[in-house]
Amino acid sequence: MNPPGSLADVDPNLDEHLSTQILAPSVHSDNPQERIQARRLRIAARLEARRREALGEYLDGKKESEEDRSKSYKQKEESRLKLAKLLLCGTELVTNIQVAIDTREIHRRVEEEEIKRQRIEKLENEVKTSQDKFDEITSKWEEGKQKRIPQELWEMLNTQQLHCAGLLEDKNKLISELQQELKTKDDQYVKDLKKQSDDICLLLERMEQQVKNVMKTFREELYNIEKAFEVERQELLASNKKKWERALQAHNAKELEYLTNRMKKVEDYEKQLNRQRIRDCEEYNTIKIKLEQDVQILEQQLQQRKAIYQLNQEKLEYNLQVLKKRDEESTVIKSQQKRKINRLRDTLNNLRSKYAKQIKQFQEENQSLTLDYQSLVLQFKELQKAMRHFALIDDKKFREIWLMNEEEAKDLIARAFDVDRIIHTHHLGLPWTAPDFWFLKNVGPISQQPQKSATQIVEEMLMHTEEEEAEEAASEPESYLDLPKQISEKTTKRILMLLCDESGFLVESKLLSLLLPLEQNECYLLRLDAIFSALGIESEDDLYKLVNFFLKYRAHRLSSSLQIKSCSQASVEKASMEETSMGSELELAEQTEMEGEKEESLVEGEKEEEEETPPSPWVIHPNDVIKILEAFVMGLKKPRDSRAPPRVQKNVRNNSKDSEYWQALTTVIPSSKQNLWDALYTALEKYHIVLTQRAKLLQENSSLEQQNTELQVLLQQYLNSKINSELQVPPTQVLRVPKK
Amino acid sequence: MQDTVTTSALLDPSHSSVSTQDKSSTGGHTSSTGPQLSKPSITPVPAKSRNPHPGANFHRMRRIIAEDPEWSLAIVPLLTELCIQHIIRNFQKNPILKQMLPEHQQKVLNHLSPDLPLAVTANLIDNENYWLRCCMQRWPVCHVAHHGGSWKRMFFERHLENLLKHFIPGTTDPAVILDLLPLCRNYVRRVHVDQFLPPVRLPAQLRPGDQSDSGSEGEMEEPTVDHYQLGDLVAGLSHLEELDLVYDVKDCGMNFEWNLFLFTYRDCHSLAAAIKACHTLKIFKLTQSKVDDDKARIIIRSLLDHPVLEELDLSHNLIGDRGARGAAKLLSHSRLRVLNLANNQVRAPGAQSLAHALAHNTNLISLNLRLNCIEDEGGQALAHALQTNKCLTTLHLGGNELSEPTATLLSQVLAINTTLTSINLSCNHIGLDGGKQLLEGMSDNKTLLEFDLRLSDVAQESEYLIGQALYANREAARQRALNPSHFMSTITANGPENSVG
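If you read the protein sequences in the order shown, they are chains A and B. Counting in my numbering, the first sequence runs from 8 upward without gaps. Counting in my numbering, the second sequence runs from 1406 upward without gaps.
Rather than coming from a laboratory, the hints here were simulated on the basis of the structure. Certain hints may be false.
[As the list claims (entries may be wrong)] Here are the simulated PhoX-like cross-link-like pairs (lysine-lysine), alpha carbons at most 25 Å apart as the crow flies:
#  : chain 1 : residue 1 : chain 2 : residue 2
1  : A       : Lys202    : B       : Lys1695
2  : B       : Lys1695   : A       : Lys201
3  : A       : Lys178    : A       : Lys147
4  : A       : Lys201    : A       : Lys123
5  : B       : Lys1695   : A       : Lys92
6  : A       : Lys123    : B       : Lys1655
7  : A       : Lys201    : B       : Lys1655
8  : A       : Lys192    : B       : Lys1655
9  : A       : Lys250    : A       : Lys261
10 : A       : Lys89     : B       : Lys1851
11 : B       : Lys1851   : A       : Lys198
12 : B       : Lys1695   : A       : Lys198
13 : A       : Lys178    : A       : Lys192
[As the list claims (entries may be wrong)] Just some of the chain B residues that point at chain A, by a computed CB distance under 8 Å:
#  : residue
14 : Leu1776
15 : Leu1860
16 : Ala1864
Note that this is a predicted model, so its numbers are computed, not measured. C-beta atoms are modelled at their ideal positions from N, C-alpha and C, and glycine is treated no differently.
Model the full structure from these sequences, guided by the hints.
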């Protein structure tokens, strides 16, 4: 009930607030947003007003009843207090008895304790005295036993009896006293019981009284409260009724007002209706006339339309006729077409069957072809095999032919050279030098020499060095291998040894254990193999690169320390093995001579200069080996990647140089020389002719001489013959024999 | 009117023919004869005399005059009704209840006799109405509120109580109680027995004097005066929460003997074992049973570390300082909330030990030491303990020979403590000065609601003023209870609201 009241309290403020707000946005504003806002506010205000109407009255009534309510509340509070007090007092009254009994009990206990204490004391005293007495008596018994005289004994017995009687009396007295006390206690107990029962009675009485009282007062208070509420309710009802009546009256008045308003409005509307009717009638008439005119026009138009229709109908009939004819024609065409279709269908069927046949045929064909294909593949494979075989054979044949041709050519060349030499020496009297051409040394077909693997080279190298060591004195330092890059074998070997020692970590431990029993060289070889495989060095070039790299590195180091170069050089020269350095220098010299014309770059020269300083492996510090290796591996990576493809084409022979080779073979004798030869030839020809003439002449001469001699002989014979003598005239006489 | 309707419905076949025959004539007639039809034995004569149409009447007469003079128009009872009657009659032999519809169950239960054997009804019937009738039949006064508002529970508890009250060891068959056990074990929560009969001893009558005189003989006889051993019973009751025992004999009349009132060591031991085994026990009361220090200690030892025990009442016994020390130990070894040692023989040392335990206790809310003799030493110790205790709300120190020094300390406690709501110092010797000091302490206290100072030599004026202070505290507490959040501001607002509602 309270919340609406409090809300109503707040409402007026809210309303005022709203009314002020309504002023701000206007319904007639240009801004649509504002207008919407204004309308909303207006609706809200109306609702609010209605609500306030309802609540406001309620609030008024409530305010009026506030006092009454507080009255009832007061009544309630009053009765509550009264009842609480009553209850409290009543309980106090009832419990008072208990408390009183408690105190009495406490007092009794205290007294009892005191009495008990006294009694115990008394009893103890009594015990003591009676014990004394008893002792006395018992001691006297002893005395009595010694007495012999009866009178004395009797006397003593009498006194003893008296004593005992006294003692007994004392005891009896005590007992009676105690019994007396017990009796009084019993009486007391009975009294106490009585009293307690009285108390209990009182307690019950009071409780009953209390209950009655409480009931009565509760009832009364309830009645009072109810009455208060009743009164309040009545008042509330009355006020509400009054309010209701007032509201009803207001409602009635308003209703009446509405009614009169309505009546007035009805009359108004009636008048308006009449006026409207008249106006409408006039309007109706004018419209009617207008419409009739329209109808006439339309009828005319209708007639026209009809005529047009007639015309159209005739036209259409004619068209129909035409179309019918066309239809007939079309039926004829249709039948024709049908027939055609049938024919075409037949052909289609035929074609289909043909097609099926064809398919079958092609399938068969396909099968046969696949079989063929398989056989062909087999054949092809065989062919390939054969081809390979033939290729090999061809190769071989080629090689053989090549060799043969070459041999032939070489023979020819040799002969040419011989001839040349002979010409030079014999005929021209010039000294002859054999021309030196690269192709002369070539044996077999020209091809890129297969690259040797690094390990092979190393192996070879090691072998050589070993040999060298073996016949150190005998063999002069000479490179068996064609190590091209100005590096001596020993240097290389040393570098490799160093590498082998320093980068043992690249070798697997297992391998190391396996290597132990082997020979030193083999051991080195295997270890190097492992290291190379770890570093990725495969070919000869790589190996030389590595060695070069080492040397460059060292050179770099050296150039950085140029000032101490001389002294170091001296020391190094002393320290290093002279032979090796000498050998390397010699070798270098040779090679530079041989290739000096080709290599003219400054870098090379510089390098050579550097190389001249004896390359000693000791200059490279073992500690640097790892760094160098690292740098090398980093550098090696790039070229390595682009190496794969050329391998594939290895089988294809490069015959570009062949013609050149053969050409070169043909031109082994230069043209100048040929010219010379030609000149020589013509000269010799002439010379020959002369000589032949001379020979002929000589022959003639000799034959003539022979004839001469023969003739002389014949003559002699004749002369000497007997016939001659016989003859009348001897010829000899006739003849004048030539005198010598 | 209802009668006419029913009868007409019943007599439909014949009556309809009548109504068709003379509808117009009997229009008003039926209404007049209607009520009479309900008494068929009387109707024929007036109907005959009144009815002007004999033809129509003939049918009706034939209808109404039955051959059976006892013919009645009462409704033949429904078959279900008959079945229910039968079930009620034979309930003892064939108890059918759970299978029936609820309404029929209700009917059966309303008509069952309360005298049915418990073996049949105990676990079958839960209806409170039935047990209400059972209780009302057996006992004239029934306070169902004392038994948790359950009539069934009340019936079983009181039944068990009756059996225990009249159990005579050695004479009564123990099976009487043990047979009941399976029936009542789920319903009994509280056992309240205010007498235990000793075994009957015929020869004992010959020498009552000897027993009262000589302790030695009494001790020899003691085993024979043991009471009923509660062990089996307590172990059997699975929901037992309260045990309220008084080892006493009522209405002994002229057969009075001192040893009727003995609480023997064996009783004590068996009781201790029983309560130790009972883990559901919350309230244990053993009053007016001559429990002395040793027995109290035996019982308290069995209660140490009991899981749920909340209330211990050993009032009206003979417990001295040693027993009080035992109780103090129990305070620190259990969850005891209420301890009652009223009317015992606790003196200053016992009170001091209790105070020591109380100083750091957080469970105990009520302590009753009425009618002991703790005197100022004990009172001061307790007051010191209350300065640190934050749990105790009720303290009864009535009749303890306390005087001014205790009052001085208590007044300091009153100023500090905010948990105490009730103190009773009646029947002490507080004195005028003590009263003034208490008044001073009271002026700083806002929580105390009851403070009893009757018969303690306090000046009327200070008692009155203390009463005023208590009244103010009570009002404040009431407001707090009405609306805990904002009690002061809404007093005026509350009033009208309540009155309207």
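Now for the hints, and whether the structure bears them out:
no., hint, result
1, A/Lys202 with B/Lys1695, "holds, 24 Å"
2, B/Lys1695 with A/Lys201, "holds, 23 Å"
3, A/Lys178 with A/Lys147, "holds, 20 Å"
4, A/Lys201 with A/Lys123, "holds, 24 Å"
5, B/Lys1695 with A/Lys92, "violated, 39 Å"
6, A/Lys123 with B/Lys1655, "violated, 29 Å"
7, A/Lys201 with B/Lys1655, "holds, 18 Å"
8, A/Lys192 with B/Lys1655, "holds, 23 Å"
9, A/Lys250 with A/Lys261, "holds, 16 Å"
10, A/Lys89 with B/Lys1851, "holds, 23 Å"
11, B/Lys1851 with A/Lys198, "violated, 45 Å"
12, B/Lys1695 with A/Lys198, "holds, 23 Å"
13, A/Lys178 with A/Lys192, "holds, 20 Å"
14, Leu1776, "holds, 6 Å"
15, Leu1860, "holds, 5 Å"
16, Ala1864, "violated, 18 Å"
The structure fails to meet hints 5, 6, 11 and 16 from the earlier list, while all remaining hints are met.
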